[in-house]
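Number of protein chains: 2
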Amino acid sequence: MGKSRTAPTLNDVAKEAGVSTATVSRCLNSPARVVDETRKRVLKAVDKLGYTPNIAARIMAANRSYSIGAIIPTMDNAIFARGLQAFQDQLREKGYSLLVASSAYRPEIEKDQIRTLVARGVDGLLLIGHERKHEIYDYLEQHQVPALVAWSYMPEARQPSVGFDNRGAMCDLARRVLAAGHRHIGLISGVTEGNDRALSRVEGVRDALAKAGHGAETMTLIETPYGIDNGARAFAEMMQRNPRPTAVMCGNDVLAVGALREAQSLGISVPGEVAITGFDDIELAEIISPSLTTVHVPHREMGRKAASELIDMVEGRSAGQSTCISTHIVSRHSLVAPKN
Amino acid sequence: MGKSRTAPTLNDVAKEAGVSTATVSRCLNSPARVVDETRKRVLKAVDKLGYTPNIAARIMAANRSYSIGAIIPTMDNAIFARGLQAFQDQLREKGYSLLVASSAYRPEIEKDQIRTLVARGVDGLLLIGHERKHEIYDYLEQHQVPALVAWSYMPEARQPSVGFDNRGAMCDLARRVLAAGHRHIGLISGVTEGNDRALSRVEGVRDALAKAGHGAETMTLIETPYGIDNGARAFAEMMQRNPRPTAVMCGNDVLAVGALREAQSLGISVPGEVAITGFDDIELAEIISPSLTTVHVPHREMGRKAASELIDMVEGRSAGQSTCISTHIVSRHSLVAPKN
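Going down the list, the protein sequences come from chains C and X.
The letter at position 204 of the first sequence is residue 204 when you use the UniProt record's numbering, and the numbering goes up by one with no holes.
The letter at position 161 of the second sequence is residue 161 when you use the UniProt record's numbering, and the numbering goes up by one with no holes.
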């Protein structure tokens, strides 16, 4: 019991447990990769010999699961696919796996999934957007699970984020639409409740109108869940409004593709009669005809940076630092000046 | 210790642990939903009182995590998105959460992810396609994690599957192409190694040629990883071949969209000069211009049925039953007879 007693070595533990030193090391550093029985034997030997002087450090090491959770609003439509793939690639380089759940844009499902992922022992969480109940952030703090927000950048928010300025980007695009001469603007937005990205984009359009000295009557707003069919329906409704918009801005590319499809089936020429814009620059935006003028979001860059930051948080090197990824407008063929 | 001793009740356990009976019940049935500390206290009380007569049953109950893992080859391109969303919706109705990982079509990554998901305590696994090393299935059996295969139906395989007949469906489509009069067929396939869906589709085309009495020289094959850009590159290469194919069949819609895009940029008219077909019938297939003739896979039906079957396996009601989902050809605008 005295200080003179020689400290047990990795070798002693391995001998006691009847395994290799590599296995002992793996047990302490990535227990998930060792079968239960072996892990128990090694931990028993560790306990018996009192191998690690600092118990807290051992518990921490043993608790590391080397898996990260991400909860995205939808797996459909490729909005999150590219960024998430880059996020996973970067995690993998650092030895972490990714587990993904999707919430169908429903806060109560997201809450369940956060609990599931925490219960399954993820080391950290990636969440989309800032807007959620404070009790969720309390819960994560209580369980000491670092969480990083992506797809949204709000440096003043409680949680750190690696995202972009949804409001500023949409404001720039709306100014472009106004500069082309449009004075009746339709906006097909995603549902803004519980979705700070959608809300910020609507505010961005309002900012542009205010800056240009136009009244609120310049804009007609329709909210609808994301989805191609919903975009199509909203566009048909928009075409019934009086005055009819000459430009329809959409909250994302998926809605814009729906709007384009509906314009085609209504025999409304784009961009001749009505201009359409998107947001995200997913692959579809370039492939569709006419190709979409949209906001390019560097999804891969965001995914990579989010992974690096979250691992720094998990490994205790960062308390969570926010990063703003810059976006830019991609001019293609769906936006021109209005006819009259 | 005698048999006359009254068995402890749920109430006794609750009293001993200082929690409600509902909490005790939750601990035994869905421990993931109870915070660690409470769960430990309850299990301690259960142990102390010897509450459950059948220890195996208690361990089983306590081990149920009510989460299911799925490993898909890619999150990109929406190939798996729709089926997976339906799979998740159905799981959710039955009280299970879904954790998804993606393997980038790489077997060694998939193997790691299977271990991660098993280590994180999922109750069952959904895997895409049958082809993988036997040791993986051995590992799953050893850990008693039921696994179901989807997107592929092979009743003679070791693992049960809820999928469709990739070979038969592609054979039907190839017969349609031959019936239209095409005699020089290009096939842009996904990489067949380690991907039984891709391989079966190639075999389907060969079956159709053999049935129609055409030689192997009727078909020109290029393999490439799934992706729009890869489809485009393969199409450009295909157009250099001699004889030049009059119809290019693609292993999935994503490759077909790439082929269409490249045809456009090469100034080759589709379907006038070259016909193009896809497989899957993702949303893109209908939206692209010209719209794609393709094989419709009822992804939602497959996802729902796979979820029901896997839960039956997890809950011990089924040893794993295979189901074949039927597909059909959707005729749109990308396939007509050859010019000459």
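Please note: incorrect hints may appear among the correct ones.
Copies of the same chain are indistinguishable here, so a pair counts whether it falls within one copy or spans any two.
What the hints assert, rightly or not - Straight-line C-alpha distance at most 20 Å; calculated DMTMM-like pairs for lysine to aspartate or glutamate:
{"no.": "1", "residue 1": "Lys94", "residue 2": "Asp112"}
{"no.": "2", "residue 1": "Lys15", "residue 2": "Glu37"}
{"no.": "3", "residue 1": "Lys94", "residue 2": "Glu108"}
{"no.": "4", "residue 1": "Lys305", "residue 2": "Asp123"}
Don't read these hints as lab results, they were simulated from the structure.
A quick look at each hint next to the structure:
1. Lys94 x Asp112: between (28 Å within a copy, 14 Å between copies)
2. Lys15 x Glu37: within (16 Å within a copy, 33 Å between copies)
3. Lys94 x Glu108: between (32 Å within a copy, 16 Å between copies)
4. Lys305 x Asp123: Intra 17 Å, inter 33 Å, cutoff 20 Å: intra-copy only.
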